Amino acid sequence: MQVSRFLRNTILIELFVPILLLTVGIYHGLMQVIYRAGVIHQSSVAKLDYYQGLTLHGVINAVVLTTFFAVAFGHATIAFYLKKEPNKKATALSMWLMVIGTLLAAAAMLAGKASVLYTFYPPLKAHPAFYIGTAMLIIGSWVAFFDWVTIYLKWKKENPETNTPLAIIGTLVNFTIWFVCTTAVAYEVLVLLVPWSLGHTPTVNVPLARTLFWFFGHALVYFWLLPSYIMFYTMLPKLAGGKLYSATAGRIAFFIFLLLSIPIGVHHQFGDPSIGRGVKLSQSLLTFGVALPSFITAFTLAASLEYAARKRGATGLYNWIWKLPFFRKDVFLFGYLINGLILFIFGGLTGLVLASYSLNNVVHNTAFIPGHFHMTVAGPVFLAILGMSIFLLQQLTGKKIFLPTINAIVPYLWTVGVIIFSSGLMWGGLMGEPRRTNLGLTYLNPASDQYHPYWVISSMLGLAGGGIMFVAGFLYFISFFGTLFSKRSTEPLLDLPESEPLHEEKRIPVLDTFKPWLAIMALIIFLTYLPAISDALNNTGKKAPPYLPTDPTPVVQKK
Amino acid sequence: MIDVFERRIILVSILVMGLFILAIFYAMGARKADVTECLPYDKTYETARVEQLDKTTYQIFYVARMWNFEPSVAYIPVGSEVDLFVTSNDVVHGFNVYNKNVNLMAVPGGVTKTTVRFDQPGVYKVVCHEYCGTGHQNMQAEIIVNYPKKQ
Chain A
1 MQVSRFLRNT
11 ILIELFVPIL
21 LLTVGIYHGL
31 MQVIYRAGVI
41 HQSSVAKLDY
51 YQGLTLHGVI
61 NAVVLTTFFA
71 VAFGHATIAF
81 YLKKEPNKKA
91 TALSMWLMVI
101 GTLLAAAAML
111 AGKASVLYTF
121 YPPLKAHPAF
131 YIGTAMLIIG
141 SWVAFFDWVT
151 IYLKWKKENP
161 ETNTPLAIIG
171 TLVNFTIWFV
181 CTTAVAYEVL
191 VLLVPWSLGH
201 TPTVNVPLAR
211 TLFWFFGHAL
221 VYFWLLPSYI
231 MFYTMLPKLA
241 GGKLYSATAG
251 RIAFFIFLLL
261 SIPIGVHHQF
271 GDPSIGRGVK
281 LSQSLLTFGV
291 ALPSFITAFT
301 LAASLEYAAR
311 KRGATGLYNW
321 IWKLPFFRKD
331 VFLFGYLING
341 LILFIFGGLT
351 GLVLASYSLN
361 NVVHNTAFIP
371 GHFHMTVAGP
381 VFLAILGMSI
391 FLLQQLTGKK
401 IFLPTINAIV
411 PYLWTVGVII
421 FSSGLMWGGL
431 MGEPRRTNLG
441 LTYLNPASDQ
451 YHPYWVISSM
461 LGLAGGGIMF
471 VAGFLYFISF
481 FGTLFSKRST
491 EPLLDLPESE
501 PLHEEKRIPV
511 LDTFKPWLAI
521 MALIIFLTYL
531 PAISDALNNT
541 GKKAPPYLPT
551 DPTPVVQKK
Chain B
1001 MIDVFERRII
1011 LVSILVMGLF
1021 ILAIFYAMGA
1031 RKADVTECLP
1041 YDKTYETARV
1051 EQLDKTTYQI
1061 FYVARMWNFE
1071 PSVAYIPVGS
1081 EVDLFVTSND
1091 VVHGFNVYNK
1101 NVNLMAVPGG
1111 VTKTTVRFDQ
1121 PGVYKVVCHE
1131 YCGTGHQNMQ
1141 AEIIVNYPKK
1151 Q
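Protein chains in written order, with the numbering used here: chain A, 1 to 559; chain B, 1001 to 1151.
Read the hints as simulated data drawn from the structure, not as lab findings.
These numbers were taken from a predicted model, which means no experiment stands behind them.
Glycine is no exception: its CB is placed at the ideal position from the N, C-alpha and C atoms.
Heads up, some of the hints might be wrong.
As the list claims (entries may be wrong) - Estimated spans, in silico, between C-beta atoms of each pair: (1) B:Arg1031 to A:Leu198: 45 to 51 angstroms; (2) A:Ala302 to B:Lys1032: 36 to 42 angstroms; (3) B:Asp1003 to A:Met1: 29 to 35 angstroms.
Start from the sequences, fold in the hints, and give me the full structure.
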């Protein structure tokens, strides 16, 4: 279909800004593994400190890139499936809020005034611009969402008996989760932290802030993941040359995500004080519920891929796998998506390990955690974002992909890197290697009293894998920016691959409405988080003044 | 409505999940593996100390601050059972004992508690595993299990 110049440019800006920043994010990813493996024993390189770089790496890769992409992809999905373009004013407002917010936060981080990592746990204090910038980025994404809701409601009024397209269900479920979970972090940031960082309130309740952060923090990972799920269901079977085994399964999966993405955040706080064991155990068990849609998805996608391969003439119990279009320049998106899925098998299973209540004690906050989440967020999430970004770039600009062979190889190279990297980190984590630590200064510095030789090989594996990931990222940038700066060869268009369902599927009314699901969602969140928040308020003995990361004495409050 | 293979896979997934959950309860009940106890906070936790309750029962009250733990070295006899209490004086810190499943957060205004047995002599390193500022990588402590043989 044709899209207006305005929408085209908005989507392109929302893809370009985060990919440009990603060059900084990936550079710091490489630096992390170099410091951590003890190759260098210093606290900063090129005037950028380890923890400053880690903050940039986390905020850019996990928050800025993912949020921008979700909004850009949402615009494309809404316009493509509902045949209505989003409102100009809302779309422009959303884009500017996100861009300005990102610039504010980036300035604070680059100035070294916000080295608090992307979780910004108080009482470590960042510059207010960091908090306000992140809040603007989030609020910008809300504006786009509100506009899509009005478009959807209007469309539904005109087509009450038509099944809402799966991609639209996915997009709206995703942004509903996002809106609900970000209200908690918006409260944390705007009500608790901004006045406190400006010196208007002297102290902050740390367990409460952590609980509010993780109300958001785990739902955040589904906000990263659901755009990939939309691609897996609506595009992957088509790209493989087949049909979607069951679209109903997709609907069920998305609605389970809606119910259970948020009320499980306390599983990040198993080691925290103030929150009771009952709350922790119940949210641990609910986490197993949210794994269910991923099991369903794994089956449906495998069945769809097998159908596609057999249609291409494959035989045998397992040999059909090799008939899939791997390494094909023309369907490069298949390579990005399938590699993400392969990584997600391991990412998902290690996630279940971490959610398993007391088992988490073995690896909580060790390198096992980044080992795990690089197989999720740097797996299906990141690869789908990269693949779809260059796919949309090529369509919306009407340009040919620069170095298409390189572009087709990138996801494979990346996946090899992640597997080595994550194996190293998870192995190290099992031996107690801490995450978020400049190991090269002490634990992996032979000259230090704290030298810890057990972690040498594991962190070297991390370095090897991280190096390969960096090379893959670098090649992607060449392909992406090469495409962007090449000459237009065809008319711009928007044409997303669209899988047909394998079986005739009837419209099931309960899977085509949001109201009952939203009511159950609210009920579950209320039942799970009321005791968590009340524990954080009642069991906390004192509040904390702000501290700068560089100084063990609290920041003196202005009178 | 839902295809027969799909119904089966949903059933199998639910059963697998049930098995995982049973494993959690088995670990809690039979193996006594649990997460930190939730205690109400009071000022006494802010004083770092080692207390001996009887011959083989000890309590260590840790206070984490930028960038060390107090007590930085604790001596414990082999075969003793130790209650560990951890709190923080300033920002959030982590508390991980190498080779033991002790994994706690040190949070200002809250106290975490776990109980651990030391049956093997040795130097058990405690590492801070939550980012707590520029000196984070220096922050560690030791539990030395051989007392009273230390002299």
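Right, here's what the structure says about each hint:
1. B:Arg1031 to A:Leu198: 45 to 51 angstroms: Since the Cβ atoms of B:Arg1031 and A:Leu198 sit about 49 angstroms apart, the hinted range of 45 to 51 angstroms holds.
2. A:Ala302 to B:Lys1032: 36 to 42 angstroms: holds (40 angstroms)
3. B:Asp1003 to A:Met1: 29 to 35 angstroms: Roughly 32 angstroms apart at Cβ, these two residues keep to the hinted range, so it holds.
Going down the numbered hints, you'll see the structure goes against none, and every one checks out.
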